[in-house]
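S.K.: Protein sequence lines, in the order shown, are assigned to chains A and B. All residue numbers for the first sequence refer to our numbering, where the first residue is 1 and numbers rise by one. All residue numbers for the second sequence refer to our numbering, where the first residue is 1001 and numbers rise by one.
Hints were generated in silico from the structure; no laboratory data involved. Note that the coordinates shown come from a computational prediction; the quantities given were computed from them, not determined experimentally. Worth double-checking, as some hints may not be accurate.
Listed below are several chain B residues computed to face chain A (Cβ distance under 10 Å; list not exhaustive) [claimed, not checked]:
id, residue
1, Q1009
2, V1044
3, E1092
The calculated label-pair distances, taken between Cβ atoms and stated as ranges, are [claimed, not checked]:
id, chain 1, residue 1, chain 2, residue 2, range
4, A, L39, B, G1053, 33 to 39 Å
5, B, G1041, A, F60, 19 to 25 Å
6, A, T5, B, A1078, 42 to 48 Å
The beta carbon of each residue, even a glycine, is placed where N, CA and C say it ideally should be.
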Amino acid sequence: ETGVTQSPTHLIKTRGQQVTLRCSSQSGHNTVSWYQQALGQGPQFIFQYYREEENGRGNFPPRFSGLQFPNYSSELNVNALELDDSALYLCASSTPGQGPTEAFFGQGTRLTVV
Amino acid sequence: GQQVMQIPQYQHVQEGEDFTTYCNSSTTLSNIQWYKQRPGGHPVFLIQLVKSGEVKKQKRLTFQFGEAKKNSSLHITATQTTDVGTYFCASEAGAGNMLTFGGGTRLMVKP
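Same shape as in the complex, but just chain A:
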């Protein structure tokens, strides 16, 4: 186990609704990244938070937003859900170092938009 926990594990929402997904990072990790993984594809980087600030963003529209809290846990919010938002949402925690660092992934939240 990585120590990264996500909730909920599964979720069904209706098109147009809003959703909030949560992630608790591994102890000692101050960086949380969110990824979207569509069925049969590799994870796509959404954004990253470092010390409560957005530290980088992938090619996702503004209706994807996030937060990081002082305890380094994080939320991913998606507004105006679309059918194509159905995917596995993964968060990964890490600690920046002087070189590339290993990402520890949570088990993911499976979002289905109907």
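Fit chain B to the supplied structure of chain A, relying on the hints for placement.
M.R.: Only chain B this time, still in chain A's reference frame:
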């Protein structure tokens, strides 16, 4: 932006056969990481390679980073049913561990 392509998409092997997945980029990569995702699971870190021409081994797994740092491979010797899953390469784009993943190679092993 940076893209990494992975081949093949799928591979069926008989237990005991070898398996290789390849990761290619048109641009020089600063590093490469490999992850394994079991069916229904999440990506689990296997290894990272940083140096040109680097080769690392983990039991039956051999990882290589090309001399030009534009390609990488993962080779599994004598596959077992426990090797089943999807293998992803990923590279860090920019600072702070923002990963660009390949599309993955799904390995299926027939007992």
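S.K.: Against each hint, give a clear statement of whether it holds in the structure.
M.R.: The hints, checked one at a time:
The restraint placing Q1009 (chain B) at the interface with chain A holds, with a minimum CB-CB distance near 9 Å, inside the 10 Å limit. At about 7 Å, the closest approach between the beta carbon of V1044 (chain B) and any beta carbon in chain A falls short of 10 Å, and the interface hint on this residue holds. A hinted interface residue such as E1092 (chain B) counts as satisfied when its beta carbon comes closer than 10 Å to some beta carbon of chain A; here the least separation is about 5 Å, so the hint holds. Evaluation of the 33 to 39 Å hint for L39 (chain A) and G1053 (chain B) yields a pass: the beta carbon distance comes to about 36 Å.
For G1041 (chain B) and F60 (chain A), the Cβ-Cβ distance of about 24 Å falls inside the hinted range of 19 to 25 Å, so the restraint holds. Distance hint check: the CB atoms of T5 (chain A) and A1078 (chain B) are about 35 Å apart, inconsistent with the given range 42 to 48 Å.
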